[in-house]
Structure formats: structure tokens, C-alpha cells
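The opening position of the sequence shown corresponds to residue 0 in numbering that gives the first Met the number 0, with each subsequent residue numbered one higher.
Fair warning: there could be bad hints in the mix.
What the hints assert, rightly or not - Pairs of lysine-lysine residues, derived as DSSO-like cross-links and limited to a Cα-Cα distance of at most 27 Å, are as follows:
| no. | residue 1 | residue 2 |
| --- | --- | --- |
| 1 | Lys227 | Lys362 |
| 2 | Lys84 | Lys206 |
| 3 | Lys323 | Lys310 |
| 4 | Lys316 | Lys227 |
| 5 | Lys323 | Lys170 |
| 6 | Lys47 | Lys84 |
| 7 | Lys206 | Lys310 |
| 8 | Lys316 | Lys170 |
| 9 | Lys48 | Lys12 |
| 10 | Lys293 | Lys331 |
| 11 | Lys362 | Lys331 |
| 12 | Lys293 | Lys362 |
| 13 | Lys48 | Lys84 |
| 14 | Lys12 | Lys310 |
| 15 | Lys62 | Lys48 |
| 16 | Lys62 | Lys206 |
| 17 | Lys227 | Lys138 |
| 18 | Lys62 | Lys138 |
| 19 | Lys206 | Lys93 |
| 20 | Lys47 | Lys62 |
| 21 | Lys62 | Lys310 |
| 22 | Lys228 | Lys293 |
| 23 | Lys362 | Lys316 |
It should be emphasised that the hints constitute simulated quantities derived from the structure, not laboratory data. Because the structure is a prediction, the values reported are computed rather than measured.
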Amino acid sequence: MERPYPSVVITEKAERAARGGHPWVYGDEIIQVRGMPENGGIVDVYTKKDRWLGAGFYNDHSKIRVRILSNNTNDRYDRAYWRRKLQWAVEYRKTVMGPDFACCRLIFGESDGFPGLTVDRFGRVLVAQVLCLGTDRIKVELFTDLVDILRTMGEEIDIVYERSDVAIREKEGLEQYQGYFLGNGNGHTEITENGVRYDVDYINGQKTGFFLDQKYNRAAVARLAPGKKVLDCFTHTGAFGLNCALAGAEHVTSVDISDTALDTARRNAALNGLENIDFLCTDVFQLLTDLSAKGRADYDLIILDPPAFTKSGATVKSAVRGYKDINMRAMKILPRGGYLATCSCSHFMTEPLFVQMLRDAAKDAHVTLRQIEARQQSADHPIDWNIPETNYLKFYIFQVV
């Protein structure tokens, strides 16, 4: 059957990746372009032997030249196709998140078949980010249909706000953008997660305004907190520390280098009426170094939730050193029998690398780690086993003995 799209022919290496289910074809993996593909439009993908592999969004501005959408020859990339995909994504969250469906990630990019699209739900507010030209061209229909699907399910949505204000859009040939698609507001909404109330700043907050992927990891750490003295490092807007304080920690010290983030954390503490928590604006690396030099510190539980130390393969080695440094110092500070929760949110810091780093840190700290839990991101950020980039969050809880 003759297909209506322009096409590209790709290398054998790219063919292997595509057959394995990975959706990205890079510019240097394209051998031939046939026809006149339109940036943001659909192209077919063929092997050197002219075998069809799938179809996807094309963009010659981007390092990722093609983002494969489907390997089903019957698919037509019309509005009905995209609405089906939205319906599947929403129904999945409804199933796996249960009572937490009101506050979760509804669309997780390639894991849901929507290249470069993130949509987080904060009650009646949806916050979206669009990082792919092809997706950007259909975002009006996507946002409209997503709201309609939710309302059909009895879910009230008053606001859709777009946070496409990141530099990576420029690599797609797109301008940065931020603004309301539906409704209007003051940029703030209140959510409740694990019983903790938060003020979410979806206009000025980081990314979409709140990190939803650690929802159940925060609850897991909070179970250890009653009666403990807790040091929450890289607290950002306070989530781990607030969970511990609400769970009955004796005291929580939450640390971050950003006073702006800590202002939000302080407001969140006040929102929950918590008085067993204080906030320290300082560099976590220096704080851990100073505490380590003094010997054991007066903490029973330390939480390390740093930002991604690496966003490319080229900086992985230096990132490993950074992760090892903070983990080793935290292990040294804790008393025997103390607890450590530690994680990495960079997919470049793979599970084997992270585990080996922890082994090395424990060896240098002269401690033994007794594993309590090994966790990942919550199920509303699903891991596609064909796309390693979707498996990014490593989270471990240990007793230090």
C-alpha cells in the first residue's frame, strides 16, 4: 500500500534501536531523505533494505531528527488517534494512582507516546510543558481533548497553564513560551499529598511547580521519622522534611542553597501548622563537610535528594564523584543504627553506577549498609523498558550499621 508521507532511510544501528522499540532517530543516523518532509510533520522510517519500521515526527532543527510514534501501518495521525492515546494515558493514571489521581502526572512524554509532552495535574489545574515541534503543532487539540476527557470522567478542570519556558525548545526551532491556555489565576494552587498541604507556584516554580515523582518515596521515608532527628538535604520546597515533620519527627532541619525555595518551604510548614522543623540556607556540600569534620552529628535520619548532577554522558564521572562525596559524608555523620535515604534523578547515572557509588562510599566511610527499600519513581511516571531515558529515579533507604 502506498503511504502518503515523505520518508527517511536510516543506518543499521538506528534500525536495531527502532526494532527494539526506542523511538528516537538522530540526524547522523539518517542515510537518505525521500520527498519533502515538513518540520513537525510525519515521515515514514525505512531500513536500507526498504523495509518499513514506523512513522514519526520529523524536525531537521533537532539533534533527534525523527521521533517514532508507531509501528502500526494502520495508524493515521489524526485527532482521533491522539484522543485515543490521551484516553489510554488518563485511564492508566486513574487505575494505578487510585485516590491520588487528583494530583499526579497525566502525560509522561515518550512513555505515553507523546514526544516531549509533560502534563501534571494539581487538582483543578493542569500544567503542561511541550518540548517537541510536532507535539507543539497539535497542542491546542491535545489540551482541549485532555480537558474534555477528564470532565467526561467527572473531574473538574478550571485551568490549563503551559510552562514551555526552557531553552531546549530553541533546539527544536521553537521559542520559549509561558501562558494560560484555559482559565486564569494568580499562579498558585494548593494540593495535598500524603496528608501534607503544599502551595504550588505553577508559574514561577521549578519545571511545572512541584515534583510529583517522589510522592511514595516521601511516604516511605516518613514511616521511619517518628521520634527521629532528621536532616533533609536539598529540600527545595520542603517536601521530604515536611513529610517527616508531620509523621512525628522530634525535629527536622531542612537545608537548601536557594533562599527562594526555602521561602516556599517555610510557607508550606506554616500551612501545615508544623513547628518541629527549621530551615537552613547554605551549601549542602559545605555543611556535610563541616559536620563530617566534627565527627558524629546529632541526626538519626539523613535524606539526600540532590538535583541531577549530570545531564549528559560527558559529565557522568564528575557526577559520580559528587554523589559519592555527599553520601560518604552523610554515612560518616550518622550514628550506628542511623538511617539514610538517598537518590539520583539523572538517567545518565544508571542503576549499576549508583549502586557501585554507594558501595564505594560505604567502604570509604567504614560502614555497612543494611538495605531497607529500593524504590523508583511513582507509577504515574511509567518506565518504558524500551526507552532507558524513562528510567531515571534511583531511590534507596538504608540503615547504617
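Structure-based check of each hint:
Note on Lys227 and Lys362: the hinted pairing holds, with a Cα-Cα distance of about 25 Å set against a maximum of 27 Å. With a C-alpha separation of about 24 Å, the suggested pairing of Lys84 with Lys206 holds against the 27 Å cut-off. At most 27 Å may separate the alpha-carbon atoms for a hinted pair to count; Lys323 and Lys310 meet this at roughly 17 Å. For a cut-off of 27 Å, the pair hint linking Lys316 to Lys227 is broken: about 34 Å separates their Cα positions.
For the proposed pair Lys323 and Lys170, the alpha carbon gap of about 33 Å is over 27 Å, so the pair is violated. Between Lys47 and Lys84 the CA atoms are separated by roughly 30 Å; this puts the pair beyond 27 Å, and the hint is violated. Of the pairs offered as hints, the one joining Lys206 and Lys310 holds, with about 15 Å between alpha carbons and a cut-off of 27 Å not exceeded. Between Lys316 and Lys170 the CA atoms are separated by roughly 26 Å; this keeps the pair inside 27 Å, and the hint holds.
For the hint pairing Lys48 with Lys12, the CA-to-CA distance comes to about 14 Å; that is within 27 Å, so the pair holds. For a cut-off of 27 Å, the pair hint linking Lys293 to Lys331 stands: about 10 Å separates their Cα positions. About 11 Å separates the Cα atoms of Lys362 and Lys331, which keeps this hinted pair within 27 Å; it holds. Between Lys293 and Lys362, the direct Cα distance comes to roughly 20 Å. Compliance with the 27 Å bound is thereby established for this hinted pair.
A distance of roughly 31 Å separates the Cα atoms of Lys48 and Lys84; the hinted pair therefore is violated under the 27 Å criterion. With a C-alpha separation of about 23 Å, the suggested pair Lys12 and Lys310 falls inside the 27 Å cut-off, and the hint holds. Taken as a hint, the Lys62 and Lys48 pair is honoured in the structure, with Cα atoms around 24 Å apart against an allowance of 27 Å. Annotation: proposed proximity of Lys62 to Lys206 holds, straight-line Cα distance about 22 Å (limit 27 Å).
For the suggested pair Lys227 and Lys138, the alpha carbons sit about 47 Å apart, so the restraint of at most 27 Å is broken. Between the alpha carbons of Lys62 and Lys138 the distance comes to roughly 22 Å, so the proposed pair stays at or under 27 Å and holds. Pair hint Lys206 plus Lys93 holds up; C-alpha atoms about 23 Å apart against a cutoff of 27 Å. Taken as a hint, the Lys47 and Lys62 pair is honoured in the structure, with Cα atoms around 21 Å apart against an allowance of 27 Å.
A distance of roughly 16 Å separates the Cα atoms of Lys62 and Lys310; the hinted pair therefore holds under the 27 Å criterion. Under the criterion of a C-alpha separation no larger than 27 Å, the hint pairing Lys228 with Lys293 is consistent with the structure, at around 18 Å. Taking the CA atoms of Lys362 and Lys316, the gap is near 19 Å; set against the 27 Å cutoff, the hint holds.
When each numbered hint is compared with the structure, violations occur for hints 4, 5, 6, 13 and 17.
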